[in-house]
Amino acid sequence: MFRAWESFPHSKKLVLVLAGLLTLLLFLPKLTKPKESAEYRGVVQSPGGPVENAQVLIQGKGLQVVSDPKGEFLLKNAREGEPLSIAKPGFFIANSQVTREFLRINMRSVPTQDNLDYSWVHPREGEGNCFQCHEKIVEDWERSGHSHSASSRGFKEMFKAREGAGGKPAGWSLSHEYPEGKGVCAACHAPGVKEKDPALEDPTLARGVDGLGVHCDFCHKISGVRKQDAGLTHGRDFFQIQRPGVDQVFFGPIRDASRDDNSFAPVFKESLYCAACHEGTLFGVPVYTTWSEWKESPAAKEGKSCQQCHMAPAGEINFAPGHGGINRRPDAISSHQLLPGGILAMLRLSLRMDVSRETVEGAVRIHAHLTATGVGHRVPTGFIDRHLVLLVEAQDALGKKISSVRGPLLPVHAGQEWHGHPGFLFAKVLQVKGVEGPLPFWTVGPTVKDTRLEPGKPQALEWEFPQGTKQVKLKLIYRKFWKEQEKVKGWPDGDQVVLEKILQ
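Converting from the sequence shown to the numbering used here requires adding 531 to each position, the first position being numbered 1.
Bear in mind the hints are in silico, worked out from the structure with no lab data behind them. Please note that a few of the clues may not be correct.
List of simulated lysine-lysine pairs, DSS-like, C-alpha gap at most 30 Å [said to hold, decoys possible]: (1) LYS758 / LYS713; (2) LYS835 / LYS931; (3) LYS1001 / LYS980; (4) LYS832 / LYS980; (5) LYS1018 / LYS980; (6) LYS713 / LYS667; (7) LYS1018 / LYS1004; (8) LYS1018 / LYS1001; (9) LYS980 / LYS1011; (10) LYS988 / LYS835; (11) LYS931 / LYS988; (12) LYS758 / LYS800; (13) LYS727 / LYS713.
Model the full structure from these sequences, guided by the hints.
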């Protein structure tokens, strides 16, 4: 054969090669054209008849169609044998698989009653606990404030202070100073407590799973909200809770869960879900305003929810590996850390402090611009006592401290040690005529002065120091509680340095 080829003239060889290439090009599209995906039809129904607006998904792929008024659907780009999930609020998620036959999907309604005698599933203990399947999620939750909402020292001793000098409460104590307000706390801090449990009036008595605060099973028994007056109705009283009588049910944001005791609830992706406990006017005082701050923020106007920042995916692809969980996209599984890296890491991500120094006629002027960036609320936010202190310290060439000649000074709220020093307090301060210093939120009839940072709005500050100023240090410190109360209660120093700048 090779000798015959060698006997051909060069021009004929070229023609044959070109003809072969042309033939290959003509047939190549037919050889490489992907096989068209098949179409599959089906109907979604329940004992009550056809189910309209049911979402039909291929598990883990997000491929979705919606059933029509007759409950019928046409599924395209699917392959025989692929697992299906069908979801609609108010129903258990149904699971099936793609087949050549006409698909008939039967959905079960979730019972609407709330079984008050239901026993909560423990995150780690007992049969069927959460940790058995969701190790990473439980570990993340344990590091969050939700798991300590009923047990943290700060909460317990603000609610009911320990005995101090002379047998009196050590510092502020709601249960001693405003006992008629005790019943409001459990709705958020120990929401699983039963109606006749003494812990309903005194959450520090909560034990067992109730003592774990805002635990897994409580959150996943919420199907929606029954109140729209965020801030006035709190915690569990704000929610539509559906504890089962016989068949278990877990509500959540996943539409293609592979278990048949799950139900899709859109509220899990809405900021209104968070408002139940993160918006609260108590005794006429705006103690928690994070949700209303979000409503006024650029983030809300851009359509960003609380969950998009505080439950942002952390790269996990399976939330129940080895226990029936399916692999998903890394951006499909929400994290339960809430404050990844802790509060200090989150503050450093969300705060910018630009400083500069200039000399004017011998005097030293310090300029500071602080901005809250990439956040959907004021900074700091949360419980009313949380605040930031910007402390400005100047010294001469010998290291001797120098006082400012102009600029804002810290009020007594910053603590006796820093009262009158150059600086600025970013806080929500309660004020009553004739009273100086911090006040508890159950104080009757205070006015509120809010100096916290608003998202995207720089706060410009300026100080002037005399000639001879060698160095100026600006230090931004975060505190959960007022320093005066921290000392009276004997708590460890809670100061956390967020940012620090030195100008020479």
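The hints, checked one at a time:
Between LYS758 and LYS713 the alpha-carbon distance is near 22 Å, which keeps this suggested pair within the 30 Å criterion. For the hint pairing LYS835 with LYS931, the CA-to-CA distance comes to about 49 Å; that exceeds 30 Å, so the pair is violated. Taking the CA atoms of LYS1001 and LYS980, the gap is about 35 Å. The hint is violated against a cut of 30 Å. Restraint check for LYS832 and LYS980: the C-alpha separation of about 26 Å stays at or below 30 Å, so the hint holds.
Using a Cα cut-off of 30 Å, the hinted pair LYS1018 and LYS980 holds, with the two alpha carbons roughly 24 Å apart. Pair hint LYS713 plus LYS667 does not hold up; C-alpha atoms about 35 Å apart against a cutoff of 30 Å. Taking the CA atoms of LYS1018 and LYS1004, the gap is about 25 Å. The hint holds against a cut of 30 Å. Between LYS1018 and LYS1001 the alpha-carbon distance is near 33 Å, which puts this suggested pair outside the 30 Å criterion.
For the hint linking LYS980 to LYS1011, the alpha-carbon distance of about 18 Å falls within 30 Å, and the restraint holds. Distance hint between LYS988 and LYS835 is fulfilled; the C-alpha atoms sit about 18 Å from each other, no more than 30 Å. Distance hint between LYS931 and LYS988 is unfulfilled; the C-alpha atoms sit about 35 Å from each other, more than 30 Å. Between LYS758 and LYS800 the CA atoms are separated by roughly 17 Å; this keeps the pair inside 30 Å, and the hint holds.
Annotation: proposed proximity of LYS727 to LYS713 holds, straight-line Cα distance about 15 Å (limit 30 Å).
Checked against the numbered hints given earlier, the structure breaks hints 2, 3, 6, 8, 11 and satisfies all the rest.
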